[in-house]
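Enquirer: Can you build the whole structure from these sequences, using the hints too?
Going by our numbering, the first residue of the sequence shown is number 141, and it counts up by one from there.
No false leads were mixed into what you were given.
Straight-line alpha carbon distances no greater than 25 angstroms define the calculated DMTMM-like cross-link-like pairs of lysine to aspartate or glutamate that follow:
#  : residue 1 : residue 2
1  : Lys315    : Glu330
2  : Lys315    : Asp367
3  : Lys317    : Glu383
4  : Lys372    : Glu383
5  : Lys315    : Asp347
6  : Lys372    : Asp301
7  : Lys315    : Asp333
8  : Lys372    : Asp292
9  : Lys317    : Glu330
10 : Lys315    : Glu377
11 : Lys372    : Asp338
12 : Lys372    : Asp308
13 : Lys317    : Asp208
14 : Lys372    : Asp341
15 : Lys315    : Glu383
16 : Lys372    : Asp289
17 : Lys315    : Asp208
18 : Lys372    : Asp347
Honestly, the hints are just simulated from the structure, not real lab data.
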Amino acid sequence: MTLFDQEELPAAPLGVPVRVRMTVAYDGTGFSGFAPNPGVRTVGGTLRSSLERILRHQVPITCAGRTDAGVHGWGQVVSFDVEEGVDLEGLVRSVNRMCGPAIAVRDAAVVDATFDARRSATARSYRYTILNTRAGNPLLARTAWHVPDPLDLSVLRLGCDALIGTHDFTSFCRKPKVAAGQEAPSMVREVRDARWHDLGDGVLRFDITASSFCQQMVRAIVGTLVDMGLGKRTPGEMRSIIEARSRSAASGVAPAHGLVLWEVTY
Numbered sequence: 141m142t143l144f145d146q147e148e149l150p151a152a153p154l155g156v157p158v159r160v161r162m163t164v165a166y167d168g169t170g171f172s173g174f175a176p177n178p179g180v181r182t183v184g185g186t187l188r189s190s191l192e193r194i195l196r197h198q199v200p201i202t203c204a205g206r207t208d209a210g211v212h213g214w215g216q217v218v219s220f221d222v223e224e225g226v227d228l229e230g231l232v233r234s235v236n237r238m239c240g241p242a243i244a245v246r247d248a249a250v251v252d253a254t255f256d257a258r259r260s261a262t263a264r265s266y267r268y269t270i271l272n273t274r275a276g277n278p279l280l281a282r283t284a285w286h287v288p289d290p291l292d293l294s295v296l297r298l299g300c301d302a303l304i305g306t307h308d309f310t311s312f313c314r315k316p317k318v319a320a321g322q323e324a325p326s327m328v329r330e331v332r333d334a335r336w337h338d339l340g341d342g343v344l345r346f347d348i349t350a351s352s353f354c355q356q357m358v359r360a361i362v363g364t365l366v367d368m369g370l371g372k373r374t375p376g377e378m379r380s381i382i383e384a385r386s387r388s389a390a391s392g393v394a395p396a397h398g399l400v401l402w403e404v405t406y
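Expert: What follows is the structure, given as structure tokens:
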């Protein structure tokens, strides 16, 4: 069963519907992002197809964050409706058998009918991993950005200070496509925490939590911070970059494969 066969399935559960919340992990390598897109291999499309094959009805899913191509997930959350009484443990086993090892359902539970994976979320947390060693590590190649030149960790940390708080992050966000006559969406976000960790052996991890994120925001922030850590920019520039509200003011985006949607808070 594929997304092209949806018209052959009932549009909704035949019995009394209940809302399910799933936590999903995935290796984003080889996927064109999360959002289902007919004819394109995506995490959400693969997950939805497996659910529809098992449940035998259409399963529109809502996700907490539409990760881009190549971005990974550990704490992605999705919500959808199933018929009351469905064996959730059996459903999880079947989905994992069909979608593994690239996609794994970590847990599933019936929740209140008003729960929405996207709208009910109060915060999202992302992690970005960098391998800062002269030689690369093939075992980390799919999940970390290899930066061979030395990074100044103290500078990386200083660059985070200006990010905390509520700001217009247009300088770090991919410009959204807006139809004629429509107003562009706000790029104002509240960043609640942003910090670097030294994990040893040249592995550095950037953790950031915000109310929500606009497209490519974390990767553009990391790309800018790395330029600071390399001495190409100074931490004092971060505030002026934010205030410029222009994508050209910040650095390029960091590679997608170093980024993980780590956790969603409700």
